[in-house]
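K.L.:
Sequence:
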Amino acid sequence: MIQDRPSLTVLLAAPRGFCAGVERAIRAVEDALQHTERPVYVRHEIVHNGRVVNGLKRQGAVFVDHVENIPDGAVAIFSAHGVSRAVERQARSRDLAVLDATCPLVRRVHLEGQRHAQAGRAVVVIGHRGHAEVEGIIGRIGGTVHVIECVEEALELVVGDPERIAYVTQTTLSVDETREIIAVLKTRFPAIQGPDTRTICYATQNRQLAVRVIAKRAERIIVCGARNSSNTNRLCEVAESEGRPALLMQDPEDLTLSFIDGAAVIGITAGASAPEELVQEALAVLAQWRRLTVEEVRVTQEGAQFAPVDLSRLIAQLAKAS
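For what it's worth, my numbering labels the leading residue of the sequence shown as 24, then goes sequentially.
Hints listed in this document are in silico derivations from the structure and should not be mistaken for laboratory results. Virtual Cβ for every residue (Gly too), placed ideally from N, Cα, C. Fair warning: there could be bad hints in the mix.
[As the list claims (entries may be wrong)] Straight-line Cα separation of at most 20 Å, SDA-like style, residue types lysine to any residue; simulated pairs: (1) 239 to 320; (2) 209 to 169; (3) 209 to 184; (4) 209 to 173.
[To be verified] Pairwise CB distance ranges, derived in the manner of DEER restraints: (5) 92 to 53: 19 to 25 Å; (6) 318 to 250: 25 to 31 Å; (7) 312 to 173: 35 to 41 Å; (8) 319 to 109: 42 to 48 Å; (9) 112 to 318: 48 to 54 Å; (10) 60 to 174: 48 to 54 Å; (11) 338 to 94: 18 to 24 Å; (12) 266 to 152: 27 to 33 Å; (13) 340 to 287: 54 to 60 Å; (14) 318 to 28: 14 to 20 Å; (15) 85 to 112: 17 to 23 Å.
Please construct the entire structure, taking both the sequences and the accompanying hints into account.
P.N.:
As structure tokens, then:
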């Protein structure tokens, strides 16, 4: 019986889950599927969440890793993470109808990096090597680019001219860790130019702040999202930096009774690419084991909205080709 189960207070972090850039990218794919009879291909996962990707696959979208895997005449959509100039040139040089769903905040990083490169500065990209966003940033900047992931690499960085150097950051990093890296760079290279932590996106910062707030009361924290999602992994790291064990829940099966055993209060959050349904599924699993009291803890309101990806050029291109 439910009343015989131990009680558990669940703190829901707010904001959590989808950000404006993710919603915009998903909508771009859905709109393309709705407004064209051409096959719709997406280069890379539109956002780093398998559930979202699988949902779009069921609607007809095809996901590929490389532009050369997209057949002539198809619609080609770039993911929210952005792409290099080379990838864009390759797509536009073929008979592909291109739709760019790059997050506007990622595009801002591209423009900042390009500005520094055009001014003759070496650009340091603070981010994770191999991540789709970082690959796109590198490929947009041109010129001399260095990628560093941690304080240790910042301490070892060697540049040609210490007076002509700048930095940009991946948008989904840990705010605290990035601040430490920037502090080292500024100490070693006093002339360095860059935006402090302002290029870390508002949603990333808000979700990390919310985790810190609920960690003051929660004994353990469940982070809903994909294992290959940078911002989701950073939320786990933030929880652990506050001394709270964190569990990354990609699917409800990841949640175990042993994780909550002995806890009176736990917290739940979700990465910026994780749908709210995953949070609700976590609550449903917990309700099988405990009598729940659910409390939402909101640290800020998010009113940011991005204009939808403009399909007018795509539709005109397809009409001209018909």
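K.L.:
Residue 312 and residue 173, beta-carbon distance inside 35 to 41 Å?
P.N.:
Roughly 38 Å apart at Cβ, these two residues keep to the hinted range, so it holds.
K.L.:
Are the Cα positions of residue 209 and residue 184 separated by 20 Å at most?
P.N.:
holds (14 Å)
K.L.:
So does residue 92 sit 19 to 25 Å from residue 53, Cβ to Cβ?
P.N.:
Cβ of residue 92 to Cβ of residue 53: about 21 Å, so the range 19 to 25 Å holds.
K.L.:
Indicate whether the distance between the beta carbons of residue 318 and residue 250 respects the range 25 to 31 Å.
P.N.:
holds (28 Å)
K.L.:
That 42 to 48 Å hint for residue 319 and residue 109 (C-beta), does it hold up?
P.N.:
holds (45 Å)
K.L.:
Do the beta carbons of residue 338 and residue 94 sit within 18 to 24 Å of each other?
P.N.:
holds (20 Å)
K.L.:
Between the beta carbons of residue 60 and residue 174, is the distance compatible with 48 to 54 Å?
P.N.:
About 52 Å separates the Cβ atoms of residue 60 and residue 174, which means 48 to 54 Å holds.
K.L.:
Does the Cβ distance between residue 85 and residue 112 fall inside 17 to 23 Å?
P.N.:
holds (22 Å)
K.L.:
Holds or violated: residue 209 with residue 169, Cα cutoff 20 Å?
P.N.:
holds (15 Å)
K.L.:
With the threshold set at 20 Å, check whether the alpha-carbon distance from residue 209 to residue 173 stays at or below it.
P.N.:
Holds, at about 14 Å.
K.L.:
Does residue 320 sit within 20 Å of residue 239, going by the straight-line distance between their CA atoms?
P.N.:
Satisfied, since the Cα-Cα distance of roughly 11 Å is no more than 20 Å.
K.L.:
Given the hint of 48 to 54 Å, is the C-beta distance from residue 112 to residue 318 inside that range or not?
P.N.:
Distance hint for residue 112, residue 318 holds at roughly 51 Å.
Checked against the numbered hints above, the structure breaks none of them.
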